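Starting from the two chains in their separate frames, assemble the complex, guided by the hints.
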Amino acid sequence: MATITTLKTEPLLRVDGVSLEYRTPRNVVRATHRVSFDVHAADRFVLLGASGCGKSSLLKAIGGFIAPVEGEIRLAGEPVRAPGPDRIAVFQEFDQLPPWKTVLDNVAFPLLASRTAGRREATERAAHWLDKVGLSAFADAYPHQLSGGMKQRVAIARALAMQPRVLLMDEPFAALDALTRRRMQEELLALWEESRFALVFVTHSIEEALVVGHRVGVLSPHPGRMRAELNAHEFGLDSEGAGFQAAVRRIHGLLFDEPAAQDPGPMRRTA
Amino acid sequence: MSALNPPIRPEYEVPLLPLPPRETERALPLATRAWQQAWLRRGLILLVLAGLWEIVARWQDNDLLLPTFLQTARALVEGLAGGELLERTRISLWLLSQGYAGGVLAAFLLTALAVSTRIGRDLLATLTAMFNPLPAIALLPLALLWFGLGRGSLVFVLIHSVLWPLALNMHAGFQSVPETLRMAGRNYGLTGLRYVLRILVPAALPAILSGLKIGWAFAWRTLIAAELVFGASSGKGGLGWYIFQNRNELLTDRVFAGLAMVIAIGLAVEGLVFQTLERFTVRRWGMQR
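For the protein sequence lines, the chains are B and L, in the order given.
In this text, residue positions in the first sequence follow the numbering used here: the first is 1, and each later residue adds one.
In this text, residue positions in the second sequence follow the numbering used here: the first is 1, and each later residue adds one.
Chain L on its own, in the form it takes in the complex (with noise of 0.2 Å):
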């Protein structure tokens, strides 16, 4: 019997003296700190990339092929000193912007008559199925016919190309709103196009974000490959315009210069704008680690 209950043990009480500043919070080292920096492990990445591209660049030792990351960048420094590469630049950069706010307008429009109407939301349901999967540069042939040749073509595909997957995030974002958060914003008394902007866009932000990545890789894709296909008919071209033209001249490393130039402003967009509105919101707010 008594084998069976466990032995009563004394009870005991301590006094709690106040602990040491360093016991509870501690400063962790340099390196670990300086490795949380996000540039910093980047960096190391693109470090690392042109190191190879530079070795295996001098392996092959073909210039017309695949010239040295040094020669891409002294052409690049070049075109940019020269002003060529900025101004072409700046033409696609232009068109492309018009493009991505027509494209984000079109779909914010689309998105509220989708989550306020049953019938907007087929609309968009059937609109982005019909849609999405087809190419912008598909299209292209069209607008030409449509729009002529020129900024008016180029800005129709654009806003193609950015408006069905942004209205499908940012539909799926509303969607995915808590019912609690939604009857929290009609309790104030908040409707229509306020209730929208006040309670379902900050609460969709995530996918909203992801919608406007993926609505500008699409953009940028979609120009570059638009004009180095009718690039060649129109006076002046961009960034697509400047690559296929080098290409004919076998300037390759002119090509790889443009080429950089693509992937440095894809991630400078990336790392700058689109970083540091996720900083500001939806990582400040909890909504996403």
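In isolation and in its complexed conformation, chain B is listed as follows (with noise of 0.2 Å):
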């Protein structure tokens, strides 16, 4: 029965006592200590982490773009070395889309340059995506064309049409408005509603996680150490009533260090 149990909840992505390192020109500088989390299938995992915690480099070496010098990353039970289009990033800057390719060939060109898909295909899934994410009169356009909204749903679109195994967000929605952040927040979960992906999503701020993640991973201040796993899935857009303030709380007390009764005074919302 165990074993059975254990079977069927193997995780999809598995991170063990992974730490990274960085160069500066004088000196070796630790990002992240033996960080270990399990991310399943269809699983929202959110980082959280105060800036400088190492959790852009964590999402960078699932990525397969560092390698760790401790621990290991695996993913399916096979371990990550380099990066690959079964992990696309969505990063938090706007040019990462190459700017000399419209829209729908933006989207369209992970799926031509890892060779998953011949060209009329590669358009097919593109144009479906873009109609996904409400960019279909953009499709010819290019981007410095559009805002950087549209930039990051273009990402989106990017991403999930080449079907990855995890998607990767780090901080995506951290440069835009709040208004749109609001607004890519609601369409993130719409469509992880529909299409049931692996995330792993980079945040520093304590609401995005308790509304994007099933998980909440709690990153120590530099270097990196995991503080605490919480569970997220009772929250939503709508949630604002005392228990998702008592989580805020909570989680704002793990990040600081301060013992999770006090009162949190100016971390009160006021909205």
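Treat the hints with care, as some may be off.
Here are the simulated DMTMM-like cross-link-like pairs (lysine to aspartate or glutamate), alpha carbons at most 25 Å apart as the crow flies [to be verified]:
1. K101(B) with D63(L)
2. K132(B) with D177(B)
3. K101(B) with E179(L)
Example chain B residues on the side facing chain L (calculated, C-beta under 10 Å, incomplete) [said to hold, decoys possible]:
4. G84
5. A89
6. A155
7. Q185
Since the hints were made in silico from the structure, they are not lab data.
If you're wondering where the values come from, they're calculated on a predicted model, not measured in any experiment.
Note that CB positions come from ideal geometry on N, CA and C, so glycine has one too.
See the structure below:
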């Protein structure tokens, strides 16, 4: 019985004791220290932490852009060694879209570059996903003609068109204004409802973590260590109540190492 | 107390009526639209320059030193009609395109090496530092020794004049490609030459184009200068040789016609080839205004 259960819940992505380091001209700096977590199929896993805690580095390590100095990352049992189209990343920066390709070509580009699909199928799939993010009318526009939110939508469509095993998002909405960010969160959750992809989402916003994630991994400040993993599947876009406030307070306490019972004062949401 | 508070004013709502179309979009007046055409503005500049030339030349009144614009134009038309000028231009352009193509190819190989390995980067940095300041003409005596009188030497110095500035620009362009774009490319599984061609080259195109322009100008200069220097000993020269020959015979209007041809080709390549290339690539993509 127990073996059957473990087989069934074998995680899709396993980050196991991963330490990351980066070099400055003078010394080697540890970004994260022995971080472990699991992401299951259709999971929405959020990495939350203050800036400089190594959460983006962790995401890049999962993407295969950085090699861990310690520990291992396994995707469906296979160790991650190099970047690949089975883990598509959506970055925060708006310049992630090649400016020399139209919106449609941008979405089709990874399909063609990775030889996942032929030109015709790639164009069809690209058109389908552009429609899903509501940008069909802009298929022939160039990225520089789009607003920031639209560029991020293209990046999301591009990632989802690849149907990656894991979608990696590195503060994808951080550079957007508050209204657009809210709408993008709604759209991301709606897309997840439809396609049930596995998501690893990096953010520094506690509210965003609770809204977007099923499970929130709280990282300590530099160097990043896993402070806690909390469940957030009960919270959605409309969460406002006491439970949500308590979760926000609890995470705030974990992040800044304050006793959870303390009154957060200025943290209280006014809306 | 109440003096410190702003007055509380009534709220209001306004129903929005649809705007008449001409309120949201209006056509610009014809003169403004015409003035937006670059060729019109540039043509006007050329016309003014030609007018100034004509005035100065008439005032000087010395055909031997400074023929007028109209005399030069006549010599140009005669040279073109007689076929001699065209033949000289053809010879020059053919040589030029060979040297240019060779230089571009060499620059691409060198820069591709430089972006993929550290030793390649050092090689490029050292070589450009050594050879970029070296005038191509200074290499000509050596080239004449190695390749003899003729095409080989000219192509050699042309490659030299194109290769280094282009390689420098290309490399600077590759290095300024945003990290996010690089990661996006690698994310799709692009590696090696495919990565260079599908990500780095288009992303660095503004710098590459500016390198191609500089290389083109350097190549033209080098070619004309080289022909002036050693065209005398070669049987069939190009435009530089045409200029040199006519100066010897004191046919100054023909010298000017030869120079005008050099300038005209320069303008044509800039206006037709490079501008078109830019319009269809970097401007369209919003990488350059």
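When the least beta-carbon distance from Q185(B) to chain L is tested against 10 Å, hint result: violated, 21 Å
Restraint satisfaction for G84(B) [CB to CB of chain L, less than 10 Å]: holds, 5 Å
For the pair supplied as a hint, K101(B) and E179(L), confirm whether the alpha-carbon distance does not exceed 25 Å. holds, 18 Å
Just to be careful, I want the Cα atoms of K101(B) and D63(L) compared with a cutoff of 25 Å; is the pair within it? Given that 25 Å is the threshold and the Cα spacing comes to 56 Å, the pair is violated.
Does D177(B) sit within 25 Å of K132(B), going by the straight-line distance between their CA atoms? holds, 22 Å
Regarding the hint that A155(B) lies at the interface with chain L, is the smallest CB-CB distance below 10 Å? holds, 9 Å
So, A89(B) near chain L? Judge it on the closest CB pair being under 10 Å. At 5 Å from the nearest chain L Cβ, A89(B) passes the 10 Å test, so the hint holds.
The structure is inconsistent with the numbered hints 1 and 7, although it conforms to all the rest.
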